[in-house]
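Those protein sequences? They're chains X and G, same order as listed.
Everything in the first sequence is counted per the working numbering, starting at 1 for the first residue and increasing by one.
Everything in the second sequence is counted per the working numbering, starting at 1 for the first residue and increasing by one.
These are calculated hints, taken from the structure and not from any lab test.
Among the hints, erroneous ones may be present.
As the list claims (entries may be wrong) - Per label pair, the in silico range of CB-to-CB distance:
(1) G:F18 - X:L149: 27 to 37 Å
(2) X:R152 - G:K6: 53 to 63 Å
(3) X:N206 - G:P55: 33 to 43 Å
(4) G:E73 - X:G106: 39 to 49 Å
What the hints assert, rightly or not - Think about it this way: if two alpha-carbon atoms lie no more than 27 Å apart in a straight line, the pair counts; the simulated BS3-like pairs of lysine-lysine are:
(5) G:K79 - X:K96
(6) X:K48 - G:K74
(7) X:K48 - G:K35
(8) X:K184 - G:K35
(9) G:K35 - X:K170
(10) X:K48 - G:K125
(11) G:K125 - X:K216
C-beta atoms are modelled at their ideal positions from N, C-alpha and C, and glycine is treated no differently.
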Amino acid sequence: MTVTRRHLLLLLPSAAIAWKYLLAESPADSPNYNISEHWWGMLIDLTKCIGCGNCVRACQAENDVPDGYFRTWVERYHVTDYDIENPHVDSPDGGKQGFPPSNEKGGKNFFVPKLCNHCVDSPCTQVCPVGATFISPDGVVLIDQKYCLGCRYCIQACPYGCRFINPRKKVAEKCTLCYHRITKGLTTACCEACPTGARQLADLKNPNDPIHEFLKTHTVQILKPQMATHAKVFYNNLDGSVR
Amino acid sequence: MKDDLKDSGHLFRLAAVFVISGLVFVVLRAYLVPKSFGQYGHYRGNAITEAATRPPHYAGHQTCETCHGDILEKKKIGKHVRVNCEACHDPLTEHANDPASLQPAKLDVAFLCVRCHEANIARPKDFPQVASVEHSTGVPCNTCHQPHNPGIEGAQK
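Take these sequences, add in the hints, and give me the full structure.
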């Protein structure tokens, strides 16, 4: 079919109406939440992680994450005695159903839960060509699903592999640090479901948050500090072999 | 002088085209760019509120404890004191909002306990773990251990 001038004239107003619908304004701010009074991060205590996969399942249930995709996942590391540079890492279905007994013998073995690091200098927000991903004033890296084109630049840019294209919505998706929960005074779904307290939501602007005492008294590291992302997910007792 | 301006009509026409396109651009921009764009930075401010307005699925242990204080008392004296309700019972906001509408399913103890307590080389050494086959020989865990206070002495109280 050829598009005639008549077709175009009919098409343009409907396109304009669609745009207006797309850009419609949305509900008001959450009450009792002052966006400038928070600076969110997370603490992950690897000495407490038992690899049960509760966090992965909780995240999927809370955020409707499609099967085979992960906003958070758990890796199992096996570092042999003589090869710390090349750890064996497995994560069957993201650790969602826990981990089968390991075949590995000896060496160093531990679990590492991973999620979006909510970097202060986040590479993903820097590369977004349309301003669809951004750092909110309370320090959470979010995605505007109405603006995202699904171009995948951010997926390539993230040094932690935390992003994916939602196969249903065809837009980029990742951990929002349960933004809909933390703005209501709840903790994240993964922290709520973690049975050992290995994951703890941290508000770095709250002087009474236990994170400050913890950071002072423990050996805390972030992932890939050489990338200068200034990540806000802090790992206690992080092994040098973790990538 | 007059000769210079003789053919100036096309200049005015060109200027008019520029002015009109500028106006069209300004009007279209005002129409198409959402009001909240630039509220906090180079993004749509309302995207933040949209992210914040989704309803939670996990009610949170504080909500559970408002009704189930008896369970809280049991948990307080046991080792599972810091295990939140929905870690085992799964997300139950629906139940919390209207307790009659959704009754939590009875849990499969055999499956649930080993998810955390089956011996695994990668688990922290100080975390209680058992090889379930040798430990219980198929007897359900809650024969001896009560999930809300799993110590054996707790079960006898």
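Against the structure, the hints come out as follows:
Taking the beta carbon of each, F18 of chain G and L149 of chain X are about 31 Å apart, inside 27 to 37 Å as hinted. Look at R152 of chain X against K6 of chain G: about 58 Å separates their beta carbons, and that is inside 53 to 63 Å. Roughly 25 Å separates the CB atoms of N206 of chain X and P55 of chain G, a value that falls outside the hinted 33 to 43 Å. Between E73 of chain G and G106 of chain X the Cβ separation comes to about 44 Å, which falls inside the hinted range of 39 to 49 Å.
Taking the CA atoms of K79 of chain G and K96 of chain X, the gap is near 24 Å; set against the 27 Å cutoff, the hint holds. For the proposed pair K48 of chain X and K74 of chain G, the alpha carbon gap of about 23 Å is at most 27 Å, so the pair holds. Between K48 of chain X and K35 of chain G the CA atoms are separated by roughly 46 Å; this puts the pair beyond 27 Å, and the hint is violated. For the proposed pair K184 of chain X and K35 of chain G, the alpha carbon gap of about 25 Å is at most 27 Å, so the pair holds.
A hinted pair counts as satisfied when its Cα atoms are at most 27 Å apart, and K35 of chain G with K170 of chain X qualifies at roughly 25 Å. A C-alpha spacing of about 10 Å is found between K48 of chain X and K125 of chain G, which places the hinted pair at or below 27 Å, so the restraint holds. Proposed proximity of K125 of chain G and K216 of chain X is supported: the alpha carbons are some 25 Å apart, at most 27 Å.
The structure fails hints 3, 7 (numbered hints given earlier, in ascending order).
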